[in-house]
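Please put together the full structure from these sequences, using the hints given.
Going by the working numbering, the first residue of the sequence shown is number 1, and it counts up by one from there.
Please keep in mind that the hints were generated in silico from the structure rather than gathered at the bench.
Just so it is clear, CB atoms sit at the ideal spot from N, CA and C, and this is done for glycine as well.
It is possible that part of the hints are untrue.
[To be verified] Below, in silico cross-link-like pairs of lysine-lysine (DSS-like), each with a Cα-Cα straight-line distance of 30 angstroms or less:
1) Lys113 to Lys44
2) Lys205 to Lys113
3) Lys31 to Lys205
4) Lys205 to Lys38
5) Lys113 to Lys40
6) Lys205 to Lys40
7) Lys189 to Lys38
8) Lys205 to Lys189
9) Lys113 to Lys38
10) Lys113 to Lys31
11) Lys189 to Lys113
12) Lys205 to Lys44
13) Lys40 to Lys189
14) Lys44 to Lys31
15) Lys189 to Lys44
[As the list claims (entries may be wrong)] Derived CB-CB ranges, DEER-like:
16) Gln33 to Thr192: 25 to 35 angstroms
17) Thr192 to Lys38: 19 to 29 angstroms
18) Gly49 to Leu178: 28 to 38 angstroms
19) Gly92 to Ala211: 19 to 29 angstroms
20) Arg120 to Leu164: 27 to 37 angstroms
21) Leu171 to Arg105: 49 to 59 angstroms
22) Met137 to Glu102: 49 to 59 angstroms
23) His163 to Met128: 18 to 28 angstroms
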Amino acid sequence: MEKSIETIWKNGFVDSHALIAPKLNNLYNQKSQDIVEKFKHMFKLNLWGLMILAMIMLPMSFALGMPYMGVPFFIIINLTVFVNYRLSQSLGDLDKSTNSYEYLRSFHEWLQKQIRINARLSRILYPMIFSSMLAGMWFLDFHGVPMGTKLTQKLLVSFPDLHLTYGVPTLFLAGLVLICAAMFALGGKIYTLDLNIVYGRLLRKLDEIMADMEELRKES
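See below:
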């Protein structure tokens, strides 16, 4: 019995060694590689962007009198770049000689690993970013006096019984702890939101192609 057009298309799409639809198969192999190459290009640009941002923010923070914000930011950004650069090295291990399904599946597995690692890392980095921003404003020089000290002095005038912990209003510290705890708990979701803003369109396209391939493999 002759193969139907649908069967020929499926076999040529899924199996890179099939001879029945080589042109169609090459087309989807190229599409698979294009998606990965586009992601790698965007990923590399983002890492370079973060490094440039870190190099600008560090001296700027000292110029603005906010080193308590600039130094932690510099460390956090460079840590993020280092971790993701190391992760990106394994992208070169993807075998382009396999069929398009296996190639995309390998990339998808790498991507999920990268997302898991960054989601866990974000649970620590987001609270650190928030804390460093507050520290930068707290120690910002205000006519020879740190802004945080000036604020505390004004609060003590209005609330003489205000409880302090190491010179800082206890309620302020309690609020900081609660916000950081919330960021720790939601860090993974915040990272996922950031990821979708930058790579959302590409990731959706990848998921669609993977779903189509899975369906074709089941029906073939």
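Evaluated hints:
no., hint, result
1, Lys113 to Lys44, "holds (17 angstroms)"
2, Lys205 to Lys113, "holds (19 angstroms)"
3, Lys31 to Lys205, "holds (11 angstroms)"
4, Lys205 to Lys38, "holds (12 angstroms)"
5, Lys113 to Lys40, "holds (15 angstroms)"
6, Lys205 to Lys40, "holds (15 angstroms)"
7, Lys189 to Lys38, "holds (24 angstroms)"
8, Lys205 to Lys189, "holds (21 angstroms)"
9, Lys113 to Lys38, "holds (18 angstroms)"
10, Lys113 to Lys31, "holds (22 angstroms)"
11, Lys189 to Lys113, "holds (16 angstroms)"
12, Lys205 to Lys44, "holds (20 angstroms)"
13, Lys40 to Lys189, "holds (23 angstroms)"
14, Lys44 to Lys31, "holds (20 angstroms)"
15, Lys189 to Lys44, "holds (23 angstroms)"
16, Gln33 to Thr192: 25 to 35 angstroms, "holds (26 angstroms)"
17, Thr192 to Lys38: 19 to 29 angstroms, "holds (20 angstroms)"
18, Gly49 to Leu178: 28 to 38 angstroms, "holds (32 angstroms)"
19, Gly92 to Ala211: 19 to 29 angstroms, "holds (26 angstroms)"
20, Arg120 to Leu164: 27 to 37 angstroms, "holds (35 angstroms)"
21, Leu171 to Arg105: 49 to 59 angstroms, "holds (52 angstroms)"
22, Met137 to Glu102: 49 to 59 angstroms, "holds (52 angstroms)"
23, His163 to Met128: 18 to 28 angstroms, "holds (26 angstroms)"
Checked against the numbered hints listed earlier, the structure breaks none of them; every hint is satisfied.
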